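Colleague: Build the full structure now, drawing on both the sequences and the hints.
According to the working numbering, the stretch in the sequence shown is residues 1 to 538, in order.
Note that these hints are calculated values from the structure, not bench results. Note that the structure is predicted; figures quoted are calculated from it, not measured. Just so you know, not all the hints are guaranteed correct.
[As the list claims (entries may be wrong)] Per label pair, the in silico range of CB-to-CB distance:
#1 216 - 122: 38 to 44 Å
#2 216 - 95: 31 to 37 Å
#3 194 - 227: 27 to 33 Å
Beta carbons: idealized from backbone N, C-alpha and C, even for Gly.
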Amino acid sequence: MVAVFNRELLSWYLITLKLKETVEAGIQNLQSPTAAARAIECPSEQEQYHLVKQQQQQRSDSLRIVISEDRNVNSVEEAEAKSPEPDWVINIRERLEQARQEDVAGAWGKLSIYRVPQCIREGDEKAYIPQTVSLGPYYRGKKRLRNMERHKWRALSHILKRTRQNVKLYLDSVKELEEKAVACYEGQIGLGSNEFVEMMVLDGCFVLELFRGVTEGFKQLGYSRNDPVFAMRGSMHSIQRDMIMLENQLPLFVLDRLFGLQCGLPDQRGMVAKLAIRFFDPLMPTDEPLSKTDRNRLESSLGHVATFDPFSEQGSLHCLDVFRRSILQTGPKPEPRIWIKRWSHPRRVADKRRQQLIHCVTELSNAGIKIEKRKTDRFWDVRFKNGILKIPRLLIHDGTKSLFLNLIAFEQCHLDCSNDITSYVIFMDNLINSPADVAYLHYHGIIEHWLGSEANVADLFNRLCEEVVFDFNDSYLSRLSEEVNRYYDHRWNAWRASLKHNYFNNPWAIISFVAAVVLLLLTFAQSFYGIYGYYRPR
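Modeller: This is the structure:
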């Protein structure tokens, strides 16, 4: 096809040249008719030779043009074969390369501040979204949270004025931790290097001012008594709730560095963790506040930072992790059922159907199991012995739901921590099925709530773990639950409980029961002696 195409092109080209020569000759004839007539009528041999030579040259030039055009056609075809890939293919290759970079060995192990999965947050999304103050990149710049930005700058200004330091010292120091801090957050940050460092310094100094103000007093830090933020006002409670949320955290090592710069000890560890415990103490789900002795130790230790390090060996990640550790580190917990773990696959998937650890309060009570209050500040420390289930007191207020949801979300996302809070909440969810169960626990002093009605409390627990899945075998309450269920399944315990419930529930029922027993004994004695006298007369 290429050869035929070239032949046709050559013929058309020669025809065009001939027409061109004819036209030019006609124009010359018009300009000088005599010379043209003479040239046509009697051309000389030399002129004929030049004319033939010219035609041969034109033919060779035309061949060269056709050959060059043929080569150009081939080169175009080769260029099209080697042309760049379509945009959508290039986009796919770029995404694959990004996925390879994200899948570097050990990259996921640095994550500690997660985005709450959508399947978990659908139940109550408001519990995971800050309403007053944003910390970190996830909610930075949100319209409803911008009002707090000017107070962050005020906090930084107070620190620089109080310490007589240059802000460049803080920026340069945090710049050294930038890469490590970015690795703590999940997904793309969307901030430049300088903007990220500025955010860490600004948010970190704001958090430290709140921590120190609650412990030392805001007046001692230079704030006025009627300050809109840095004072013990009602807004402090909403700020505390926002600062305990999983998506609203700062890496603890950044706070340690900033606090160390203020104290002149950049390498100190642990003091910020203790300040955080004091700051978040009002959110504790127990009515036992921080003891006076602990508070005095904390206040006196501000001048001796290096000697007060409660969590340095455990390596806390952020304030939510510190709060969770402070709840669980106060005493040893029962171990899970080892025999099930031994025979189970080490990487088995948690089964949603096996989250029913125990029967509800009403059913346990009908089966003869007593439920009593246990005197301890460790609300998760449940015990069972001799048919008595002892549960510590639990205080439920308007911030309890958000606190539990964020603790559960952290345990679901972070694989290096246990599921103790999740286990406790699911255990209580099993115990509470109706307002009657809440009323029973409230009557026995186990649940104290400020939610208005028992129905609200029952609804709270029934919704906390709707989309949460955990491994029953890894629950620290699995052994206790099995002991309770074994006691529940024993028929004699149920019969004894039914007897007590029906005949010994009040003094009049007891008197009636005793009278009936006496009458039955007397009737039996009379019948015995009547029969005996009949067969053995005197």
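Colleague: Flag every earlier hint the structure violates by its number, smallest first.
Modeller: 2
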